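Visitor: So you can see what is in the structure, the chains are spelled out below.
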Amino acid sequence: MGHVPHRPFGLVVFDWDGTAVRDRQEDASELRARLLALMEHGVVIVVITGTNIRNIASQLSLEGCRLPRGRLYAATNRGSEVYVFTPDGRPERIVYRQALPAENAALDRIATSLQAELQQRTGLPIAVVFDRLNRRKIDLIPLSEWRDPPKARIGDLLAAVRSRFAASGLGDGLGFALEAAGRLAREAGLPEARITSDVKHIEVGLTHKGDSMAWVLHDLVPALGLPTEAILVGGDEFGPLAGFLGSDSQMRLPEAEGATFVSVGREPNGVPEGVLHLGGGPERFKALLAELATFKLPALPTIFIPDMDPSWQHRESGFLPLSEHEVESRFALSNGYSGTRGSLMEQGPYSRAGTFLAGVFDPGLAGFDELVIAPFWPALTIEAAGESLRLDTGECLLHCRTLDMRRGMLLRAWRHRSAEGRITRVHEARWASLADRRAFFQQVWVVPENYSGPLVLVGALDGEVRDLEGEIHLEPVFGDASPLLVLRTRQSVITLAFAGKFASLPPVSPQPRLRPGAVEQQWSFPGRMEEPVSLRRTVVVSTDRDGPDPASAARAHADTLRPLDLEGPAAAHEAAWRDWWEAADVRIAGDAAAQKALRFAMFHLIGAADAEDPRVSIGAKALTGEGYKGHVFWDTELYMLPFYLHTHPPAARTLLMYRYHTLDAARQRARAMGYRGALYAWESTDTGEEATPETVIGIYGEPVPILTGKMAHHIDSAVAYAVWKYWQSTRDVDFMAEAGGEILIEVARFWASRAEPDAAGATHIRHVVGPDEYHTDVDDSAYTNGMARFCLDLGGRIVAWLAHNRPADWARLAERLGLSEAEVAKWLSVSRRLVTGFDPARGIHEQFAGYFRLADVDLPPHAARTMPLELLLGRDIAQTQVIKQADVVMLMRLLWDFYPSEVRAANFAYYAPRTAHGSSLSPGVQALVAAKLGLTGMALDYFRFAAEIDLGNRMGNASEGVHAAALGLLWQVAVFGFGGLHVHEDFLMVDPRVPEAWLSLAFPFHYRGMRLQFTMTSTELAIDCPGPLPVRLGAEGLRKLGPGLHRARFTGGTWTWMASTSP
Amino acid sequence: MDGQHVSLSEGPILVALNEARHARSALRVVQVLCARLDRSVVVTQVGEPAPSSEEVLERLELSPQDVAGVIVEPLRGRPEDVLPEAARERHCSLLVLGLSPQAGEPGATLGHLLSRSPCPVLLVPPELYDRWGEARIVLLPLDGTPSTASVAPLAIDMAVRSGSSLEILYVGVPKPPSEPGSMGFPSFLDQPQHEWAMWKREFLYRFCECHWGGKLPVDVTLTLATGDPGDAILELAGRHEPDLIVIGWHGEFAHAHAQTLRKLLSHSRWPVLTARV
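These protein sequence lines map, in sequence, to chains A and B.
Residue 357 in numbering that gives the first Met the number 0 is what sits at position 358 of the first sequence, and the numbering runs on without skipping anything.
Residue 198 in numbering that gives the first Met the number 0 is what sits at position 199 of the second sequence, and the numbering runs on without skipping anything.
Keep in mind the hints are simulated off the structure, nothing from the lab.
It should be emphasised that the depicted structure is a prediction, and the values quoted were computed from it without experimental measurement.
Here a beta-carbon is modelled for each residue, glycine too, at the ideal position from N, C-alpha and C.
Any given hint could be a false lead.
What the hints assert, rightly or not - Think about it this way: if two alpha-carbon atoms lie no more than 20 angstroms apart in a straight line, the pair counts; the simulated SDA-like pairs of lysine to any residue are:
no., chain 1, residue 1, chain 2, residue 2
1, B, Lys199, A, Tyr699
2, A, Lys295, A, Pro67
3, B, Lys199, A, Pro67
4, B, Lys199, A, Asp466
To be verified - So the derived label-pair ranges between C-beta atoms look like this:
no., chain 1, residue 1, chain 2, residue 2, range
5, A, Asp479, B, Val159, 39 to 47 angstroms
6, B, Glu88, A, Arg465, 42 to 50 angstroms
7, B, His256, A, Ile696, 54 to 62 angstroms
8, A, Pro348, B, Asp65, 49 to 57 angstroms
9, B, Val159, A, Glu581, 33 to 41 angstroms
10, B, Ala67, A, Ser387, 42 to 50 angstroms
11, B, Ser62, A, Val703, 51 to 59 angstroms
12, B, His256, A, Arg68, 25 to 33 angstroms
13, B, His256, A, Asp940, 45 to 53 angstroms
14, A, Gly936, B, His256, 40 to 48 angstroms
15, A, Glu191, B, Val159, 34 to 42 angstroms
16, A, His217, B, Arg130, 40 to 48 angstroms
17, B, His256, A, Val703, 37 to 45 angstroms
18, B, His256, A, Gly181, 53 to 61 angstroms
What the hints assert, rightly or not - Rough simulated footprint, nothing fancy, chain B against chain A, three-plus residues with beta-carbon under 8 angstroms:
no., segment
19, 54 to 61
20, 222 to 228
21, 318 to 332
22, 751 to 758
23, 917 to 924
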């Protein structure tokens, strides 16, 4: 017997049957009251049980109770599931270990083999229970009197099993069965199978209670910022029985060292060392819970507890300064108006902190506009008993950062021990509001765990921010202690104002410290052991891009926020994220890595767009870092925009309106280069002017000419294509009449002037750079010419549409643009005569004139290369057929319906092996086209490659921001590739190609004003359709679906419709 | 920043010489590179029995003027035992040895010395080329792992003290390093006007600034190479004639380990400063 340490526990973990309740019929109202009291004190509760959630939830009966968020969990089904109880008492599954078909087959094989082996050895009937999640039970004594033995009769049960085996000639039957189960599991390819016994059964499963405890220790505890000493684990079966340890001993993982383990069971053979044996059963356990509720505990506010569903989390445990820059990119918080890198609030020499404001550019050293780095608003330092808390000093006992993607928050838990042994626990929550885009929020909670001493917190708004070249773009204008900081960009003369509002608990008045370009506030607390102090900060930013007098605007806006009440703004922010996720979330069952990668992609895409500001677009790194200087490429229209188009169409419209607002700059650019129409900048900023340098110093110190700014004219086609796709999916007549049509006309006009006729009557586009930038200054790029043809034809079509449907608008536009029927006729003529590079003998397109004459290089030997292929092969790469990224294949992808299926397949087969993936855009396009061609396995490999670009820093350049286009492509691969959706001119094509490794794929899809819901497996499809929808399913004919749920099945190599259900 | 980097302590510099041909070049290198270190210099020769101070100067063909301000302190025993012990006892900041390039594979004695030395070891070739000391370049070869880069502060410190620039040579290895925080060559240079600068900034941050604790106080160039690291270092050194090559190694000399260091010891015409990481 022992005594439970007389101190509070922040986390109580316990077994259910025999520990918390005597049996399943017991009234658990007293237990419920005890648990609710503990949760009110801030204690987090985890039930670990072999049974299912229904049994736990019905016995606990929490309906009608108000629970604190994130404080009650149930790890059920022997480690296969974890549920969180929502504030209204409902269990919501957050972890689900779902056996793959092969694993289920292996479990069946193990169970039936063991059954057969035991029957053969003993001649006894042995039964198998199959219908359990992720496990099989082999019943050693399938006799009616032992059908459901109570725990109290375990000794009798053991004797009965032993005598049954002994009588059949197998002395140690239980031991034999356990050993045989292990052997059979290894033979079946499940060497990690969990093999346990409750005496009546041998259980073979994929998980057991140890897996539940692993979740507690590895996932929950770091997020709570607790030491293991704060964990109490209760059970009733730790001690040995029949030669093996009780099931509760599975919870005693090595990582749990320091936790207190107590048993309230009988434990006839004693308990293992390190377990306190209290005895007394559930009554004693409830008494223990009552004792624990008498302790005063610094209760962690629930805002700091992340959504514990791992598919909604991106987490970084520990701290490696070398990798900090890429971590900061992945943890960036954006809302379309601003983006804040996920840097540590106290910063350090390892930090590359910064805030970016969409559209706030200033010329850099090279003379081109670059996105300005604004003050890092979360900056806050903590001084505990005279010592600054930093990760590179003292000892880091625990450090865990979690990006809670569902709620759009960055959370941090940190326990720090100073050289003198003082332990300080720090939690931080921060978010850039999606509901109020100009407002930032931060809550910090600090507890001196084992000492009393002064705590000093200093929050700063510091305008002296240097970019990566060391340049400062901002100069101070004004600052006051309110606090307000006003700055101005040096050359573009944009005024930025930051206004703050703060509150602390306990309340103290901050001491302001002002210096030019910076405002600091210092809060000083006496600091008492185990007594938390809390600081809540709101910061509002406004610029004169938003309106006049940004200082007054920011101040007035900040004054509307009450920092002591962050729950309101947090709830509004979470609701905004919830709305976005409802419109966008792609759900994958059976592939946790793919699910997490897609959520990560969508998280950053959602944060990149602001549907309310048509003056800005999305840069290559969105608002997550300095990379690419905030410049906008073709990435936005072709790789990101489809996500917005089919989840939140207003955001897609806004992105296209940016191109409309920069059309004049594009016209000037075309004119300056001697062409007509409009030519968009390869690298564009807020003005639309070209921001690509002409030369850079290369990797060997040599000057390298940059030709994309001069020759990558296919950017024009990308913009036009996006306008067309927007039109196809929305039929937004006003947009087409007021903006889209003009873009299409000017693009067509450009291509018509860009093409050159030859003596034979054909037209050519010479001196271009296509998507494959290994080959520059080429003639008749198949991609460029193919897309130009498309744009020329589209220009003609849109002129006809405008003339017919909006004659008054059309007349004004034609007059303003000086457009004649003859000019339109010329577009079509140029289009018809434009060479395509198609080689009828081979059935493929030549990527550009002369490509087929280049040397072929066998790429596989270079697969494990340690440097870019263009460096490995040097300038000679241009003399080979090695291509940087999908080029002709990209043409097939974009104009899918324009090419026969055999041409699409032949081009993919030819070019895919020659693609070096020298761009983050490449694997995603390959995945998408492979999936559409039915090459699902290859597509999944490419998808995984693409998923690792930021999460695994696969390209080695995540430090300066995420790859927004690659993230957009991941969504496209899931929806257009594996989901098989294809938007035709007047109907939706659906031809799913779900990988067999994915148990299911589900997503919403916005089309023609409706939000459709798709759910599919490799053999089944369901479309939830709110209104009439013309659909073509696979090879079937066009069908107009009515409102309701429509199902289809894949049999015999084709999809066929099943019955439909009306709403 | 990560608490793992190599730097010079405050102790004396122990110059251990066997042959006269090394004496002048070693003292010159010490005087030039370590002038601002403000460390006392001890010249020694190890023998059994220990030679007298006069015998040391005679064998090394040094006059008393050559060693003005220098302590001459002969030692008795085997060099591989005595020198590490002496360096440890005296808390030496640096052990300076003669280097015999073209003398074939470095012997076991040198291997033992390098393995056992408690401080960085500066190996000086017998004859410095004519214009040695004019280039004002410290060459720092790196392999993209944090451990090897832990000698970066040493190289930066030497560059600062000698008024040199730092030339970093990154030699990509066939298998990307698995050590946490490692960095390989960029997989691609999409839009080189952006990607190359990005990759270079991150590389310098991880392997120099992170160890140094902030922005570097010297001019830095970064050169890339592939192939055998030893060959790549010697090739670049041949082109740029650095005053010093600083290289980290993992402390295991036997059984074909330390191939790059071995190659430098066999072929370097330039002083090599090495430390275990």
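Visitor: None of the hints should be skipped; say for each whether it holds.
Guide: Each hint tested on the structure:
For the suggested pair B/Lys199 and A/Tyr699, the alpha carbons sit about 12 angstroms apart, so the restraint of at most 20 angstroms is met. Under the criterion of a C-alpha separation no larger than 20 angstroms, the hint pairing A/Lys295 with A/Pro67 is consistent with the structure, at around 17 angstroms. The hinted pair formed by B/Lys199 and A/Pro67 fails the criterion: a straight-line CA distance of about 48 angstroms is larger than 20 angstroms. With a C-alpha separation of about 15 angstroms, the suggested pairing of B/Lys199 with A/Asp466 holds against the 20 angstroms cut-off.
Distance hint check for A/Asp479 and B/Val159: the Cβ-Cβ separation is about 42 angstroms, which falls inside the suggested range of 39 to 47 angstroms. Between B/Glu88 and A/Arg465 the Cβ separation comes to about 47 angstroms, which falls inside the hinted range of 42 to 50 angstroms. About 37 angstroms separates the C-beta atoms of B/His256 and A/Ile696, a value inconsistent with the hinted range of 54 to 62 angstroms. Between A/Pro348 and B/Asp65, the C-beta spacing of about 44 angstroms breaks the proposed range 49 to 57 angstroms.
Against the hinted window of 33 to 41 angstroms, the Cβ-Cβ separation of B/Val159 and A/Glu581 comes to about 58 angstroms, which falls outside the hint. At about 48 angstroms, the beta-carbon gap between B/Ala67 and A/Ser387 stays in the expected band of 42 to 50 angstroms. Checking the proposed 51 to 59 angstroms range against B/Ser62 and A/Val703 shows it holds: the Cβ atoms sit about 55 angstroms from each other. Between B/His256 and A/Arg68 the Cβ separation comes to about 56 angstroms, which falls outside the hinted range of 25 to 33 angstroms.
Distance hint check for B/His256 and A/Asp940: the Cβ-Cβ separation is about 37 angstroms, which falls outside the suggested range of 45 to 53 angstroms. At roughly 42 angstroms, the beta-carbon separation of A/Gly936 and B/His256 lies within the given 40 to 48 angstroms, and the hint holds. Checked against the hint of 34 to 42 angstroms, the pair A/Glu191 and B/Val159 fails, with Cβ atoms roughly 54 angstroms apart. Taking 40 to 48 angstroms as the suggested C-beta distance range, the pair A/His217 and B/Arg130 does not conform, at roughly 60 angstroms.
In this structure the supplied range 37 to 45 angstroms holds for B/His256 paired with A/Val703, their Cβ-Cβ distance being about 39 angstroms. Distance hint for B/His256 and A/Gly181: a CB-CB separation of about 41 angstroms, inconsistent with the stated range 53 to 61 angstroms. Residues of the segment 54 to 61 of chain A with a Cβ under 8 angstroms from some Cβ of chain B number 0, which does not satisfy the need for three, so the listed coverage is violated. Taking a C-beta to C-beta cut-off of 8 angstroms, the segment 222 to 228 of chain A contributes 0 residues in contact with chain B, too few for the three needed, and the coverage statement is violated.
Coverage of a stretch by a chain is defined here by at least three residues with a beta carbon nearer than 8 angstroms to that chain's beta carbons; for the segment 318 to 332 of chain A and chain B the count is 5, and the condition holds. Only residues whose beta carbon comes within less than 8 angstroms of a beta carbon in chain B count, and the segment 751 to 758 of chain A has 0; fewer than three means the coverage is violated. With 4 residues carrying a beta carbon less than 8 angstroms from a beta carbon of chain B, the segment 917 to 924 of chain A meets the three-residue requirement, and the given coverage holds.
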